[in-house]
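S.K.: Kindly produce the complete structure, drawing on both the sequences and the hints.
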Amino acid sequence: MNNIIVSERDQKFVLYEMLDIEKELCAEERFNHVSRDLIDMSLEVAGKLAMEEVYPANTEADREGCRLENGSVIVPKCFKRLVKLVNEGAWQLMSVSQEAGGQGMPYLIQNAVNEGFIHNFSLVAYIFLSIGAGHLVEKYGTEEQQRKYMDRMYAGEWGGTMALTEPDAGSDVGSLKTKAVRQPDGTYRISGSKIFITGGDSDLYANIVHPVLARIEGDPAGTKGISIFLVPKYLVNDDGSLGRRNDYSISAIEHKMGLRGSATCAISFGDNGDCYAEILGQERKGMKIMFQLMNEARIGVGLQGLGTASAAYLHALNYANERLQGADIRNFFNPDAPRSPIIAHPDVRRMLLWMKSQVEGMRALTYFCSLCYDKKEAGGDDGKWSALLDLLTPVCKAYCTDIGFRITETAIQVYGGYGYCQDYPVEQFLRDLKIGSIYEGTNGIQALDLVGRKLSQNQGKGMVLLIAEMKAALERYGATGAMKDCAGELGAAIDHLAATAAFFGKCAKEGKFLVPVSNAYPFLMM
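Just so you know, my numbering puts 165 at position 165 of the sequence shown, and the rest follows in order with no gaps.
Don't read these hints as lab results, they were simulated from the structure.
The C-beta atom is built at its ideal place from N, Cα and C for all residues, glycine as well.
Heads up, a few of these hints could be off.
[Unchecked claim] With a Cα cut of at most 20 Å, we get these calculated EDC-like pairs of lysine to aspartate or glutamate:
{"no.": "1", "residue 1": "23", "residue 2": "37"}
{"no.": "2", "residue 1": "285", "residue 2": "296"}
{"no.": "3", "residue 1": "288", "residue 2": "377"}
{"no.": "4", "residue 1": "12", "residue 2": "360"}
{"no.": "5", "residue 1": "356", "residue 2": "10"}
{"no.": "6", "residue 1": "471", "residue 2": "495"}
{"no.": "7", "residue 1": "48", "residue 2": "64"}
{"no.": "8", "residue 1": "48", "residue 2": "10"}
{"no.": "9", "residue 1": "288", "residue 2": "219"}
{"no.": "10", "residue 1": "256", "residue 2": "60"}
{"no.": "11", "residue 1": "48", "residue 2": "37"}
{"no.": "12", "residue 1": "356", "residue 2": "427"}
[To be verified] Derived Cβ-Cβ restraints for the label pairs, each shown as a range:
{"no.": "13", "residue 1": "242", "residue 2": "56", "range": "29 to 37 Å"}
{"no.": "14", "residue 1": "292", "residue 2": "80", "range": "23 to 31 Å"}
{"no.": "15", "residue 1": "282", "residue 2": "37", "range": "37 to 45 Å"}
{"no.": "16", "residue 1": "242", "residue 2": "271", "range": "14 to 22 Å"}
{"no.": "17", "residue 1": "282", "residue 2": "421", "range": "52 to 60 Å"}
{"no.": "18", "residue 1": "235", "residue 2": "143", "range": "14 to 22 Å"}
{"no.": "19", "residue 1": "88", "residue 2": "174", "range": "39 to 47 Å"}
{"no.": "20", "residue 1": "81", "residue 2": "242", "range": "33 to 41 Å"}
{"no.": "21", "residue 1": "85", "residue 2": "20", "range": "31 to 39 Å"}
{"no.": "22", "residue 1": "292", "residue 2": "67", "range": "31 to 39 Å"}
M.R.: Okay, here's the thing in structure tokens:
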């Protein structure tokens, strides 16, 4: 069977030909230990692991699901072996800094590898969030917190989450009610409720560390008064051993349309007034710190859209090559004509070509955002790569999840009635990906972030740079071969995009802010 998860050939085209990472990344001092041979080997081994282990577990986990027993979550059995394999291969540590015990690979290569795993997001969500929460501790925690929590999280021994959402506040994070009370020893006691916490509990890890947004008693309302705290499932003794269970409870796990192997939990903190917490970073800087994790997660959700869509497309392509139905259109009225694979039928080809073009565009966008992150971390860019990354993060998240969902829908259409049945995996791809447009900030919120904040940030630097990059590419390639035919149309589209952005800026200056706000989502998709 062909690889029906990810096309390594298409990955390498974006990495080496489009983005030219040997020049753009491997030559950077930060990444000069990374070679093409190392990257190719990583992609090859990861692809084999994805096909042989991660992919088969997706259906098994969907059917087994999670369950809550005696206040603890039991996850699908197959996940325990997979987490062990990931830890043994140190796949979760590829882009973690060498100083923190990782491999120091580019974030781009980590995401290229993850593209093959991420169709099974129920599994990788536990791993991703643990590393993401560990990265928060690495960046903002004290030396003591890094040794106490980060080391074990990076090693894959302890898990992590992102505890933001509350029942009444939803996406309006500034309205949260979770409260923190300072103690004489400098620690805090947390009380309140959080919902929709991905991986909120599991039996995969000996301990779980929750970064929790809360307001210190007496601090101002709104997002400016929010701090962030580390709340472990089990308190940690001075010698590193685990102490008592912290005072919080898993009150429920959600029964969902998809991602059934992922435990989405409701958590009640401080039922008995003794939920231990440590502040992370400075007081009232919670949103700034959490956005570190959220922005990484938004690129990750864009990657989820890409990875699931890629798998759905390749499954549909494989099926269309094998499924015999009807005669070739040129012999349609010949009753003796041999049955043809459905890929020969024009409408099926139309669907497959649309899916392929969208998957390739999503890969280019997601990988380019990852490259921007790496170039920003490498430094010395006068803010160019930061500006591009800030601008494109909401676009990556929203576009890849919305279009990715439509690709899974089209894959079902290619299969016909069989695609609607659980005998084939494409219906699960659709169910699993639907949440992508909702969590980590709905796609409507991503559009508002784009036009309300990112478009005007630093005097519109990101948009100016993006348009310049587009025009430079058009000038470089527009006169070559088959590109001549579409160069004029593409140039007009770039000019239209720039003019719309300028018009939105004019509206904002004139107080007509409802114009860009009302058209934010179509602009993001443009």
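S.K.: The structure should be examined with respect to each hint, and the outcome stated for every one.
M.R.: Results for each hint:
With a CA separation close to 14 Å, the supplied pair residue 23 and residue 37 stays within the 20 Å bound. Among the hinted pairs, residue 285 with residue 296 is consistent with the structure: their alpha-carbon atoms are about 18 Å apart, no more than 20 Å. Distance hint between residue 288 and residue 377 is fulfilled; the C-alpha atoms sit about 18 Å from each other, no more than 20 Å. Straight-line distance between C-alpha atoms of residue 12 and residue 360 comes to about 12 Å, which keeps the hinted pair within the 20 Å bound.
A distance of roughly 10 Å separates the Cα atoms of residue 356 and residue 10; the hinted pair therefore holds under the 20 Å criterion. A hinted pair counts as satisfied when its Cα atoms are at most 20 Å apart, and residue 471 with residue 495 qualifies at roughly 9 Å. This hinted pair does not check out: residue 48 and residue 64 have alpha carbons roughly 24 Å apart, beyond 20 Å. For the proposed pair residue 48 and residue 10, the alpha carbon gap of about 16 Å is at most 20 Å, so the pair holds.
Taking the CA atoms of residue 288 and residue 219, the gap is near 16 Å; set against the 20 Å cutoff, the hint holds. Our distance criterion of 20 Å between C-alpha atoms is met by residue 256 and residue 60, whose separation comes to about 16 Å. About 17 Å separates the Cα atoms of residue 48 and residue 37, which keeps this hinted pair within 20 Å; it holds. As the CA atoms of residue 356 and residue 427 are separated by approximately 19 Å, the hinted pair is consistent with the 20 Å bound.
One distance hint, 29 to 37 Å for the beta-carbon pair residue 242 and residue 56, holds here, with the actual separation near 33 Å. At roughly 29 Å, the beta carbons of residue 292 and residue 80 sit within the given window of 23 to 31 Å. Taking the beta carbon of each, residue 282 and residue 37 are about 44 Å apart, inside 37 to 45 Å as hinted. Between residue 242 and residue 271 the C-beta distance comes to about 20 Å, which sits within the given range of 14 to 22 Å.
At roughly 54 Å, the beta carbons of residue 282 and residue 421 sit within the given window of 52 to 60 Å. Between residue 235 and residue 143 the Cβ separation comes to about 19 Å, which falls inside the hinted range of 14 to 22 Å. Range check, residue 88 to residue 174: Cβ separation about 42 Å, and the 39 to 47 Å hint holds. In this structure, residue 81 and residue 242 break the distance hint of 33 to 41 Å, their C-beta atoms being roughly 23 Å apart.
At roughly 33 Å, the beta-carbon separation of residue 85 and residue 20 lies within the given 31 to 39 Å, and the hint holds. Distance hint for residue 292 and residue 67: a CB-CB separation of about 33 Å, consistent with the stated range 31 to 39 Å.
Hints 7 and 20, counting from the list given before, are not met by this structure.
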